[in-house]
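Asks: So the sequence lines, in the order shown, correspond to chains D and A. Start counting the first sequence at 1; every next residue gets the next number (the numbering used here). Start counting the second sequence at 1; every next residue gets the next number (the numbering used here).
Please note that a few of the clues may not be correct.
A short, non-exhaustive set of chain D residues, derived as facing chain A with CB atoms under 8 Å [what the hints assert, rightly or not]:
{"id": "1", "residue": "Pro5"}
{"id": "2", "residue": "Ser46"}
{"id": "3", "residue": "Met125"}
{"id": "4", "residue": "Tyr126"}
{"id": "5", "residue": "Lys258"}
Just so you know, the hints here were simulated from the structure itself, not pulled from any lab data. Predicted model only: the values in this text are computed from it and were never measured. Ideal Cβ placement from N, Cα and C applies to all residues, glycine included.
Spelled out from the first residue to the last, the chains are:
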Amino acid sequence: MRKSPDLPYILLFLSPALILVGVFVYVAVLWNIYISFTDWRGLLPSYRFVGLLQYRQLFHDPVFWTSLKNNILLLLLFVPGSILMGLLLAIMLDRRIRFESGFRTIYALPFALSFVVTATLWAWMYDPSSGVLNTLFGKLHLEFLKSRWITDPKIAMYCIIIALIWQFSGYTMIIYLAGIRSIPVDHYEAAVIDGASTWQLYRYVVIPQLVKPTLSAFVVLMVFSLKAFDFIWVLTRGGPGTSTFILAVQMYKETFAKTNFAYGAAIATILLLMALAVVLPYLYWSYRGEEE
Amino acid sequence: MSKRRQLFVYLIIGILATAVVSGCISQKETTPTATQAQKEVLEIYHWWTAGGEKEAFDALAKKFQEKYPNIEIKANPVSGGAGVNMKMILQSLMLAGKPPDTFQVHAGYEMARYIKANQLSPIDDIWTDDMKKNYPDVIEQMVIFNNHYYAVPINVHRANVIWYNKKIFEKYGIDPASIKTIDDLFAVAEKLKKNGVTPFALGDRNKWPATQVFEVMLVAVGGIDYYQKFINGEISDNDPTLKKVLEYFVKYIEYSNPDHAAKTWDEACAMVYKGEAAMTLMGDWANGYFKAKGWKPNVDYGAIPIPAGVYDLVIDTFVLPAKAAHPDAAKKWLSFIGTVEAQNTFNPIKGSIPPRMDAPADPYDPIQKAFMKELRSPDTKMIPSIAHGSAVPEAFAADLNDIISELATSKDVNKAMTEIINAMKKDLIPNKIKEWKLS
Numbered sequence: 001m002r003k004s005p006d007l008p009y010i011l012l013f014l015s016p017a018l019i020l021v022g023v024f025v026y027v028a029v030l031w032n033i034y035i036s037f038t039d040w041r042g043l044l045p046s047y048r049f050v051g052l053l054q055y056r057q058l059f060h061d062p063v064f065w066t067s068l069k070n071n072i073l074l075l076l077l078f079v080p081g082s083i084l085m086g087l088l089l090a091i092m093l094d095r096r097i098r099f100e101s102g103f104r105t106i107y108a109l110p111f112a113l114s115f116v117v118t119a120t121l122w123a124w125m126y127d128p129s130s131g132v133l134n135t136l137f138g139k140l141h142l143e144f145l146k147s148r149w150i151t152d153p154k155i156a157m158y159c160i161i162i163a164l165i166w167q168f169s170g171y172t173m174i175i176y177l178a179g180i181r182s183i184p185v186d187h188y189e190a191a192v193i194d195g196a197s198t199w200q201l202y203r204y205v206v207i208p209q210l211v212k213p214t215l216s217a218f219v220v221l222m223v224f225s226l227k228a229f230d231f232i233w234v235l236t237r238g239g240p241g242t243s244t245f246i247l248a249v250q251m252y253k254e255t256f257a258k259t260n261f262a263y264g265a266a267i268a269t270i271l272l273l274m275a276l277a278v279v280l281p282y283l284y285w286s287y288r289g290e291e292e
Numbered sequence: 001m002s003k004r005r006q007l008f009v010y011l012i013i014g015i016l017a018t019a020v021v022s023g024c025i026s027q028k029e030t031t032p033t034a035t036q037a038q039k040e041v042l043e044i045y046h047w048w049t050a051g052g053e054k055e056a057f058d059a060l061a062k063k064f065q066e067k068y069p070n071i072e073i074k075a076n077p078v079s080g081g082a083g084v085n086m087k088m089i090l091q092s093l094m095l096a097g098k099p100p101d102t103f104q105v106h107a108g109y110e111m112a113r114y115i116k117a118n119q120l121s122p123i124d125d126i127w128t129d130d131m132k133k134n135y136p137d138v139i140e141q142m143v144i145f146n147n148h149y150y151a152v153p154i155n156v157h158r159a160n161v162i163w164y165n166k167k168i169f170e171k172y173g174i175d176p177a178s179i180k181t182i183d184d185l186f187a188v189a190e191k192l193k194k195n196g197v198t199p200f201a202l203g204d205r206n207k208w209p210a211t212q213v214f215e216v217m218l219v220a221v222g223g224i225d226y227y228q229k230f231i232n233g234e235i236s237d238n239d240p241t242l243k244k245v246l247e248y249f250v251k252y253i254e255y256s257n258p259d260h261a262a263k264t265w266d267e268a269c270a271m272v273y274k275g276e277a278a279m280t281l282m283g284d285w286a287n288g289y290f291k292a293k294g295w296k297p298n299v300d301y302g303a304i305p306i307p308a309g310v311y312d313l314v315i316d317t318f319v320l321p322a323k324a325a326h327p328d329a330a331k332k333w334l335s336f337i338g339t340v341e342a343q344n345t346f347n348p349i350k351g352s353i354p355p356r357m358d359a360p361a362d363p364y365d366p367i368q369k370a371f372m373k374e375l376r377s378p379d380t381k382m383i384p385s386i387a388h389g390s391a392v393p394e395a396f397a398a399d400l401n402d403i404i405s406e407l408a409t410s411k412d413v414n415k416a417m418t419e420i421i422n423a424m425k426k427d428l429i430p431n432k433i434k435e436w437k438l439s
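Only chain A is shown next, with the shape it has when bound in the complex (with noise of 0.2 Å):
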């Protein structure tokens, strides 16, 4: 044998010893034991890591697995907030071929990634007409993609809330009712500026919190009607509205305290629990924020929806991936998703309401039952949130993130507005797959 055929036979069999290495290891993974063999497994992904969250979650999992003793349930949480780790094993996992029997989602267009790629598999039979007649139009609308209903929503969660303290509302007489529109609170941030306190706490280190206070003020000064051009892409150059818009948006920033940028969404709520500064804007989630630091709601701080009569919705839901490999038991999972049953078990432990209009109310808190009424309400007008990536195109999100965030910083309203109408024309409008209608 020639020297370098020699080498050639070495290498051959160091690649076989790698391939049967290696199959060794893959193969005992995937071998079943006997007792998993017998009961159908039910695979979830989800994000809820956090404290209060995973206690929900597991509630929520023992109630179905009282049902459904023959399903085992392999819960797999990926930490970090609002999925950002999840996806890319999501992506890794579907790109693969083998993704979970079901996972968490935002509804709306966070979904639109996988339904573009045809990784989601339409639930329409799971959609009873009971569970139509009982989820709000809206929300109804964030699931449905190509009239097919996509995915379950197991909660809500609301964005445009101002959280105070109520000491230094007590202190200056500031009375929480008399604020309805955003000017009415804008009157009282000047007062509490003039009596030497912060207005406003801000923390967009990780810039959605400022994208969420843009979102607040498109529908505060422009309406629905508004909110709803701008989140379908129909918006042109040098729009007055949006210039208003990004004015209010910049009035907001000048009432905020000056180191917003450093600061996380957390750390802004605990300068209001520490009374460094008298409101925040941010979602209900703020509310399980004060809670767990031990003040009680409507006693020790208080809660007004801006503007009112507007429901910013936040949702998570479960959806069918079209590869899973256990699709009889994660249809039975959405459907138990759908039920008050679950819904009651899961939000009071979480910290957000029920989306099904007919969940009774007693496990709630006085602000969540607040939110409840007014999300029952015929009046009330409910739009996907834009920072929580349910009512545009990622890409565009994603951009409108650093626009806006840089806009915080800069405060140049005209370089804004140029920026968000090129983003609009290059993200928002190529990637466009519905047509909202929210009025």
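Next comes chain D alone, as it looks inside the complex (with noise of 0.2 Å):
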């Protein structure tokens, strides 16, 4: 880095911020590892070091490993699944059709909305008797596509990924859009001038132009995969049962609702440990990235 003269007025002006920060955020990390060692349970916090005894516990509760997998499966199929579908919207819109403002404006909507909000909405959409799909399926006589979506707990799941997929294709594509529109207008040019087919252009000009962006939405995306909360709360509370509890969900349960703030802490952590094992790796990329 170099070096700047300005570098104290930067430091006076940033200390409030880093001040504030550095406890909000980075001492209450500390305290909360803390507390996953003690037996912090009921109101009033009890300090006892129990070593590992929560983890021992947790890896025993078989909640642990529902709310574990459905995050996986938030990874696995959330993920990509939005990345994909911002990926097309991106390369349709790019066709510099008429009107690409306005959809634009349309397929980015739903990720100005809140979680509340949208959850909510897919509450309605996916309501068994009453909801838009199955009155929509009832209407075109597909009676066999009906189903109990959110409640059932075979599927509910899936349908609570297909709603995430939906809320942040939106943002996948405004960055693809970007990185596209990005691309010098000579790659294209050659790449016509040699006789590239369209599919050819995308294939080899402009998708691997696309990796930086792609590793944005992607850290972007795994780490609200890890914080689906809300969405999850307002619309399942976690049920059928614990069939839709993720991580976040079971951890304000034991916190909140049972007063367990060790066990909750616990859960905390292996969180933290899983978006540190997302974001990690990126900061090192994108550090090693800035020296080159």
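Please dock the two separately framed chains into a single complex, following the hints provided.
Replies: Quick look at the structure:
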């Protein structure tokens, strides 16, 4: 990094933010990790050190494995799903169609809505008797497509994933559209002169240059998938039973409904580790990219 | 000055500036104005924010202020049914050592988290002989922990009521008076189902309505003694009665709308209102719902307590936090809550009934009058509700919600049995701080 003479001033003006973030984020994170090694159960803190007891209990808790499985499902389906949908939308919009800005707004709008709003909306879509989906299938005489949706523990999690992909596709679309538009025009021209078809143009010119936007989208979506709490809470409360629990839901329940603070803190720590496993390689990669 | 030292100085200045600015802000908030200093402030937290509830609290606060003009009520309503959001706010206030002067909490185990942490003061002196004489025993028992009184109940809600659409009952010639036991109820359900009518509307998206059905089955199948055994955590593995209770629960689900897991309790009430289902098992807040829709009690709809002679209690109370800033004002509030005057100001608007047996019944509707009569009858058995946090430790109630909600979709009785017994060992017995005596 270049040594700047302004550094003292930068630090001076940043210090309130640095201090606040330091105390309310990093100290809080460390405190949470510490709590996960205690036996704090109940309203008031207990700081008796019990080692890995909470973690050992967690690994024997079937609900934990359900939650973890659902988190992994989100990572495997929601993240690539949103990326693919966004890429597809961006490529379609990039064809210089008419009313592009109109379409862009329509596709991006879901991302601007809060989870609480979209979850309520999807609850109406998925309602088995009066919901939009089943009514529509009924009207179209496609009875075999009717389903119990979010009230069926076997498919409820997939319903949530589809709704989340819907919400985030607009966001990845914007990232990709910006990425596609930033590719220099001469790259296209060169490809066209070489006689590339549209398919080849995207396959060999556009997509290879979208690695950076993909990685940013990837990291953001991963992090969102870990905290899809509000969406699930509004849509299903983790139900039926515990079938749509994710770690954040279980953490909330243990901590605030059952006042099992140490146990909740252990779940939160595992969530943190999962987030770090995603973010650290990304930071490393982007930092190296800057240095080169 | 070296470069490094200079940096350090700048950082220190930054820290000081942050501290001064934040100090100023908080200073401003805590300086009382002249008028506030003269009046004593009473800070109250409650979760009555919906229509009707809010008016009821306002009327109560107004009555109190007529009596004590020198006490200024600072009410902090926190929205969120059953106080889910308020619990978290209270928790942080208590950890910070700055609880409100009094707050609303359900009677029974919901108070346990505060009592175990020594965050509530006993209020034995508030409970005068007059109050002890006029409150039913089980209701008193619900606010006593370690032989001390901790709260004053202001209302009684009832969780075990079947609400029915009169038009549908008349159409199929069903006599509501003939329904006394759970088997009577299922006989009627069978008749309705044969005629193509959905017997029960259920909406357990928020899980507790299913637990409420479960607790009604528990007392309907097992009786008071078994209910007492269950909430005291005295059920052994493979208990045959528990199995029967769960089978009855599944039977209830099979007579319910199949989309129950997507609906909320009020959407289930709407099904009865629209005639899409004949009945719904819900607390007496459903009464308020139907009245708000313009239905007349005992004309358009009726109420059948199930099982007859049992009163499943959901009770709101106020308590005295140990570190309350104005305990004298709070004690005046609590004494006031325990009077007939306060209870009959609040309850007719809220849609609940007064816990005091000597409160006049005139301001209430015919269904409430019938409930009051039943509450005061010596033959009526009272039970604290499980689904509403009174009867069992919160940790167990939370687990039970998940287990029963899953049973409602999977219908796997054996799995639910094992899970309930496990949860009882893990979350009920270690957290037990009182022994219920219901019979």
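Asks: If a hint holds in the structure, say so; if it does not, say that too.
Replies: Hint check:
Taking 8 Å as the C-beta cut-off, the interface hint given for Pro5(D) is violated, the closest approach to chain A being about 10 Å. Annotation: Ser46(D) was flagged as interfacial toward chain A, and the flag is violated, the nearest CB pair being 10 Å apart, outside 8 Å. With 8 Å as the threshold, the beta carbon of Met125(D) stays out of range of chain A, its nearest partner Cβ sitting at about 11 Å, so the hint is violated. Of the supplied interface hints, the one on Tyr126(D) holds, with its beta-carbon coming within about 7 Å of a beta-carbon of chain A, less than 8 Å.
For Lys258(D), the suggested interface contact is upheld, since its CB lies about 4 Å from the closest CB of chain A, less than 8 Å.
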